[in-house]
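**Q** What follows is the residue order along each chain.
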Amino acid sequence: MNPSPSEIEARVLSIVADALDQPAERVTLDASLVDDLGAESIDFLDIVFRLESDFGLKIPEEEIWQGSFDGVGDDPVAIAERLAQLKARRPGFRWDRVPDRPTRSDLPRLITVGTVVEYLERRLSGGAASPE
Amino acid sequence: MKERRAVVTGLGLVTPLGTGLGATRRALAEGRCAVAPATLFDARPFASPLAGEVHDLDPRPYFRVPKALKLCDRRTRFAVCAAAMALEDAGFPAGPSEGLGVSIGTSGSDLGAEELSAALARAEDPALPARDTDAFGEAALAGLNPLWLLVHLPNMTSAHVAIQQEARGPNTTVMTGWAAGLAAIVEGAAWIAEGRADAVLAGGADSAVHPFAFAALEQEGLLSGPSPLVPAEGAAVVLLEEQEAALARGARILGEVGAHALSAGTRLAALAAGATSAPSLPLERLAGNLLAAHAPAALVLALAEGLAGPVAAVATGPAGEASALQVLPPDRAARSAA
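Those sequence lines, one after another, are chains Y and S. Our numbering numbers the first residue of the first sequence as 1 and each following residue consecutively. Our numbering numbers the first residue of the second sequence as 1 and each following residue consecutively.
Please note that a few of the clues may not be correct.
[Claimed, not checked] Restraint-style ranges between C-beta atoms, simulated for each label pair:
id, chain 1, residue 1, chain 2, residue 2, range
1, S, 245, Y, 25, 17 to 27 Å
2, S, 42, Y, 56, 27 to 37 Å
3, Y, 89, S, 126, 36 to 46 Å
4, Y, 58, S, 121, 17 to 27 Å
5, S, 115, Y, 57, 13 to 23 Å
6, Y, 56, S, 249, 51 to 61 Å
7, S, 55, Y, 18, 44 to 54 Å
8, S, 126, Y, 18, 45 to 55 Å
9, S, 138, Y, 41, 18 to 28 Å
[To be verified] Just so you have them, the derived chain Y footprint on chain S, three or more residues with Cβ under 8 Å:
id, region
10, 63 to 69
11, 139 to 148
Just so you know, the hints here were simulated from the structure itself, not pulled from any lab data. Ideal placement from N, C-alpha and C gives every residue a C-beta, glycine not left out.
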């Protein structure tokens, strides 16, 4: 039986808080793992492993991106278009911190706790890894 | 180049008798004993289950970035705490320092035995990984947190001390068995003499309270007989500084590094030559053998008492590894700078 969305969210929040040594109140859905919660590259490895263990899934690392930047590549125009879509979907995020012309290396900063929750909800409901 | 001398200005200690130099000294004065059957793992299958364990250590206050705790095994936590204590004891200015190096000695590792076993047990056929390296790789990769290796690499001990203290000078982890901690202090003093560093956090950190260490010690016959060795854990770190810089900042000087020697596979007598006295360092009262941290801990305790004369710390190990270090009383250090 699949976990409910609120249960998924609770487990993700707990894993992220523990892995990044952050108090629960800072781990909000709009929080950027990198900019708000101090995540480094090894923390992404850690979080993915913990999610795999907790939810019994295999999570290829790049799949967390999907739905955010799948297929975008390095094309700045395509990145900008996808960013506009994301902004519409996530108005509570601190978009003022994102550079005007983001490059691929800026993208990890856009992964929020909500990104991770949404990804797991899609996977666990048997849907595709990327939205629509 | 003018001769640069290394002086000791700070002390840090974590032992089974207590967290901190003060707690350890009080326990020694009260004659307390911290040797007891191991609780960190079930040691009953071994010839002797006794161990000296560090209890009640909350490492968090000593970590500038507590998130790193998940990457630190026990000996690394002890090292970070002892190093922080040494810096505070010395009144050394906090903040990033290009001239501050780290040299810590340690011996084996517990390799996260429990975590590793659990990962291998999850393989489809739990017996297969033991005899098939491909199966081992798959089982381990699938079941182990990718950070596992980072936690247990010995060089991470000195790395974490440097990260927490923003020490940007030279960095090394010395691995010469039981002599490693003292050898690391010798190395640190050499860095100062050579001008590679102006200050060095140097010492030993170890934990032998795990199945691999007990098995190795038992094989050597050290856990049986009339006076079996008690495997223990802890860390002892000193802050070494270049003498003139230490005097200029008004540091309290505990001693000056004098003669020193390193070796492997030789007898010790030749190394200890040059020391003019060897006080009774309370090695046997340190609640077990701290391995690489043992001699540095004895040195820290001797320096805390105050040196009446030169002291020689000597470390030897079962593989013939050895190191020796002489520390001179501070009066001479102050006089020679005048």
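**Q** I want to verify a distance hint. Is the separation of the beta carbons of residue 126 of chain S and residue 18 of chain Y within 45 to 55 Å?
**A** violated (28 Å)
**Q** Within the assertion that chain Y covers the region 63 to 69 of chain S, do at least three residues meet a Cβ-to-Cβ distance smaller than 8 Å?
**A** Since three or more residues must qualify, the claim that chain Y covers the region 63 to 69 of chain S holds, with 3 doing so at under 8 Å.
**Q** For the range 18 to 28 Å, tell me whether the beta carbons of residue 138 of chain S and residue 41 of chain Y fit it or not.
**A** holds (24 Å)
**Q** Taking the beta carbons of residue 42 of chain S and residue 56 of chain Y, is their distance inside 27 to 37 Å?
**A** holds (30 Å)
**Q** So the hint says 13 to 23 Å: do the beta-carbon atoms of residue 115 of chain S and residue 57 of chain Y match that?
**A** holds (20 Å)
**Q** Falls inside 17 to 27 Å, the C-beta gap from residue 245 of chain S to residue 25 of chain Y?
**A** violated (44 Å)
**Q** In this structure, is the beta-carbon distance linking residue 55 of chain S and residue 18 of chain Y contained in 44 to 54 Å?
**A** At 24 Å between Cβs, range violated.
**Q** Verify the CB-CB distance for residue 56 of chain Y and residue 249 of chain S against the hinted window 51 to 61 Å.
**A** holds (57 Å)
**Q** Does the Cβ-Cβ separation between residue 89 of chain Y and residue 126 of chain S fall within 36 to 46 Å?
**A** The hint (36 to 46 Å, Cβ to Cβ) holds, given that residue 89 of chain Y and residue 126 of chain S are roughly 45 Å apart.
**Q** Given that the region 139 to 148 of chain S was listed as covered by chain Y, double-check it with a C-beta distance under 8 Å for 3 or more residues.
**A** holds (count 3)
**Q** A range of 17 to 27 Å was offered for this pair. Does it hold for the Cβ distance of residue 58 of chain Y and residue 121 of chain S?
**A** Check passed, 19 Å falls within 17 to 27 Å.
The earlier numbered hints that this structure contradicts are 1, 7 and 8.
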